[in-house]
Amino acid sequence: MMTIPEPEPILEDGPVATGEQARPWPVRFLTFMLAIQGAVMAVIGLLSVDLSAGWHALLVDSSYFQALPPLGVLALIAAIGFYSLRPGAWVMAMLVEGLTLLFTLIVYFRYRPDNVLLYGIMVYAIAMVVYLNYAEVPAIFRVQPGTGEEELA
Amino acid sequence: MSEQDMVRDLDLTVVRDRASSLAREREIDLALLRRFEPVIRYTRGEKFFPMRVEPYLRRSSLWAQRPGREPVALLGEGQVSPVSLAQPRPAPFGTIYFLKFITPMNLTQLAAYRLQTLQEGLRRRDIGAVFRAGRGRLARVGYTSRFVDAMFQLSLLARGRVPGDTAAAAALEYQMIMEERPHYSYYGRVVDQGDWTVLQYWFFYAFNNWRSGFYGANDHEADWEVINIYLAPAVGNGELAPQWVAYSWHDGEGSDLRRHWQDPEVEKVGEHPVIYAGAGSHASYYQPGEYLAQLELPFLAPLTRLSERLEQFWLRTLRRYPDEGEEAEPPSNIFRIPFVDYARGDGVSIGPGQEREWDRPALLNPVPGWALHYRGLWGLYARDPFSGEDAPAGPVYNRDGTVRRSWYDPVGWAGLATVPPPAQALALVLARQETVEERQEELLDEIAEESRRLNGLGVEAQAMRTLPHLRVLYAQHQHRIAALAARLDELRASYAEDAALLEALKLYAERLRAGKPRDLRAHIKHPHRPFSDVVLRFDRFAEVWAAVSISVGLLTFVILFLFAPQFLIWGLVLLVSVFVFVEASFRRQLPRLVTTVTVLLAVVASLVLLYEFFWETIVALVITAGAYLMWGNLRELWS
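The listed protein sequences correspond, in order, to chains X and F. The working numbering puts the first sequence at residues 1 to 153. The working numbering puts the second sequence at residues 1 to 639.
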């Protein structure tokens with residue numbers, strides 16, 4: 001006799017699903033990238049607190065990078081959300097990239113710095129936005145249309 | 001009896017017969033009209049109802065506006081009648097005739113009227129008869145629309161318009177007309193067009209007070225509205241029965257106006273369709289509710305088209321499809337001015353079995369002189385460049401004197417020209433099937449003939465191929481072969497298309513024979529839906545914000561400009577950001593806002609990078625493309 005498999009549970013307020021199988025490759029990749037982004041931004045921000053200190057001044061030449069740690073924390077929170085497939089994680093990740101881009105653009109238009117690091121952050125954030133909008137990524141955080149369920153993301 | 005007497009008697013008999021036949025026809029028309037006459041449900045606070053034109057004309061004067069001149073009165077109040085209106089009046093090109101129903105009140109009269117209305121309201125405690133707008137129209141649209149609306153309101157000060165107290169004076173005049181002889185009446189017309197019998201119901205109102213009474217787009221003297229019911233012999237008994245109905249709203253035309261008689265959207269009381277009339281505008285709707293009407297200003301039309309194209313690019317090319325549930329909001333364009341047409345149906349109801357019944361209708365068959373010969377406006381010519389404040393022309397004509405399509409082609413007006421009456425549909429499908437089959441037989445013969453010719457040419461070409469002295473002839477043959485092959489290809493494609501068409505016709509014929517229900521709403525491209533309660537989720541604060549936001553924005557701009565010009569740019573950026581954030585919060589569209597803004601920032605950042613590192617970007621792109629191609633090829637090699 002043929003058995004009908006039970007449907008995957010979709011939780012309204014909690015995670016979309018649990019387990020390694022429900023965590024596709026793009027999610028794992030973005031989790032990693034967000035975590036890296038968060039850690040790097042936090043470190044750069046913390047290093048730039050005291051510009052008179054030694055070697056890191058070669059890398060970071062302005063104090064505006066002090067604004068990065070909060071963004072880094074947000075990116076880490078988004079990474080955790082992505083890892084646990086929280087419903088709002090995708091929007092959170094987009095928000096982090098939006099804020100990062102806003103920061104880099106404000107710095108660019110205000111100070112016109114000749115800082116490779118700033119452009120590097122810009123490129124990274126653009127790449128993240130492109131990948132976050134790659135069709136299958138937002139789809140993971142939504143329910144199938146027509147089921148009558150609320151959108152999760 | 002002399003021969004002359006006999007001829008005279010014969011003529012009289014013919015005339016009498018014709019007269020009685022005409023009278024009989026009129027009675028039949030009247031019976032048909034009365035059988036399906038509509039029920040109209042109005043919104044609370046509606047002041048004007050369908051009436052006869054005679055009392056309106058008695059209280060009007062007739063004017064002519066010649067080009068470059070001041071308007072002159074041709075007939076004074078009391079002199080205008082259906083007969084005098086129909087008189088021919090030669091005039092130079094560009095002359096506009098118009099009626100003037102209202103002489104604006106002075107301040108004392110206006111105050112007296114307001115006091116009287118207030119007293120009556122208090123005496124009757126008829127609070128329910130008062131209109132309450134509810135959710136503001138501005139809360140339903142974005143900032144640009146609100147800004148355009150603010151400009152439109154200000155423009156009323158400069159352009160021609162119906163004076164503010166005119167609506168009050170018109171209400172008073174209408175009240176007096178109703179006190180003289182209370183009546184609710186419509187004009188009926190029966191038209192045979194093709195295989196359809198169209199019942200037209202024309203409603204004449206003394207005044208349209210949409211703007212002054214219901215926060216709408218315009219006020220104007222006189223208003224003509226129409227609905228059509230399309231009758232055709234029913235399948236089976238062959239009796240004339242309603243098949244379609246079309247209501248007019250705001251100069252709309254085409255299939256979107258039309259609903260099938262069996263469509264659940266068409267509410268009926270017995271055999272009488274129900275119309276929900278827009279408050280003040282008198283536009284006709286199928287369902288009660290509040291409808292978003294959008295006014296397009298002619299000089300903003302290019303911007304409107306551009307924004308529509310951008311929206312299409314955003315939705316289709318960038319695939320930014322709306323989320324589930326978002327489509328419930330009617331589409332709005334930021335360069336159109338939003339107005340709400342309140343058609344709640346919670347006020348007076350007129351029609352069979354209602355609190356107020358129709359009087360015996362007046363017939364427009366044959367067309368009376370006042371409708372046919374008077375091409376002018378039925379109320380004040382306000383010289384409004386947008387025409388919204390100018391009165392409409394009569395039932396036959398548009399404002400510019402051309403004949404209304406709803407008059408000369410009621411079937412085409414509702415997009416019914418391509419729809420056969422149901423009793424004839426099957427016969428028509430079978431006839432088309434027969435035609436296509438005949439065409440296919442002809443095509444088959446032609447294909448066989450051309451194939452033979454092509455084979456013959458092919459054989460000849462084969463024979464010539466190894467003979468060098470026939471080189472020129474061979475080349476000519478090749479040309480002929482190519483042309484014939486193309487022709488044959490065309491014939492075979494036509495045959496294949498016809499086969500598909502024939503299949504579709506056969507299936508359709510089967511469906512018709514089986515009497516299977518079809519999609520009654522397939523023809524509707526833009527259903528005019530009211531706002532649902534689900535969509536109306538704004539609280540009072542959101543409405544207040546919508547009402548004051550543009551003024552607050554302008555005020556902040558002025559303050560920044562005067563007192564802190566050094567922060568003007570950043571101040572404005574902050575102001576716009578706060579406005580956008582507040583609005584998105586009210587509309588529960590913060591996630592969408594975040595996505596949109598982030599994508600825009602990514603675009604800007606990409607442009608910055610391209611500007612700063614143009615050649616480096618090109619080199620990086622080339623390297624990436626090369627690496628990608630190499631990776632793909634190597635994978636193919638190793639797999």
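Worth flagging that the hints you see were computed from the coordinates, not collected in a lab. Note that CB positions come from ideal geometry on N, CA and C, so glycine has one too. Any given hint might turn out to be false.
Under 8 Å between C-beta atoms, here's a sample of chain F residues computed to sit facing chain X [to be verified]:
1. GLN589
2. PRO591
3. VAL597
4. THR598
Cβ pair distances, simulated, as ranges [stated by the list, open to error]:
5. X/PHE32 / F/ARG492: 16 to 24 Å
6. X/SER84 / F/PHE581: 54 to 62 Å
7. X/ALA39 / F/LEU629: 52 to 60 Å
8. X/VAL130 / F/GLU612: 34 to 42 Å
9. X/TRP25 / F/GLY412: 56 to 64 Å
10. X/PHE32 / F/PHE299: 32 to 40 Å
11. X/VAL116 / F/GLU636: 32 to 40 Å
12. X/VAL130 / F/VAL578: 45 to 53 Å
13. X/ALA39 / F/PHE299: 28 to 36 Å
14. X/PHE32 / F/VAL603: 44 to 52 Å
Results for each hint:
1. Look at F/GLN589: its Cβ only gets to about 11 Å from chain X, farther than 8 Å, so that hint breaks.
2. Checking F/PRO591 against chain X by beta carbon gives a least distance of about 5 Å; that is within 8 Å, so the hint holds.
3. Given the 8 Å rule on beta carbons, the hint for F/VAL597 holds: about 6 Å separates it from the nearest Cβ of chain X.
4. Interface hint status for F/THR598: upheld, as the beta-carbon distance to the closest one in chain X is roughly 3 Å, under 8 Å.
5. Against the hinted window of 16 to 24 Å, the Cβ-Cβ separation of X/PHE32 and F/ARG492 comes to about 58 Å, which falls outside the hint.
6. The given range of 54 to 62 Å is broken by X/SER84 and F/PHE581, whose C-beta atoms sit roughly 28 Å from each other.
7. Between X/ALA39 and F/LEU629 the C-beta distance comes to about 34 Å, which lies outside the given range of 52 to 60 Å.
8. Against the hinted window of 34 to 42 Å, the Cβ-Cβ separation of X/VAL130 and F/GLU612 comes to about 19 Å, which falls outside the hint.
9. Between X/TRP25 and F/GLY412, the C-beta spacing of about 58 Å keeps the proposed range 56 to 64 Å intact.
10. In this structure the hint that X/PHE32 and F/PHE299 lie 32 to 40 Å apart at CB is violated, the actual value being about 54 Å.
11. Between X/VAL116 and F/GLU636 the CB atoms are about 37 Å apart, so this pair conforms to the stated range of 32 to 40 Å.
12. Take X/VAL130 and F/VAL578: their Cβ atoms lie about 29 Å apart, and the range 45 to 53 Å is violated.
13. A hinted range of 28 to 36 Å is violated for the C-beta pair X/ALA39 and F/PHE299, which are about 55 Å apart.
14. The beta-carbon spacing between X/PHE32 and F/VAL603, approximately 26 Å, falls outside the hinted interval of 44 to 52 Å.
When held up to the earlier numbered hints, the structure conflicts with 1, 5, 6, 7, 8, 10, 12, 13, 14 and fits the remainder.
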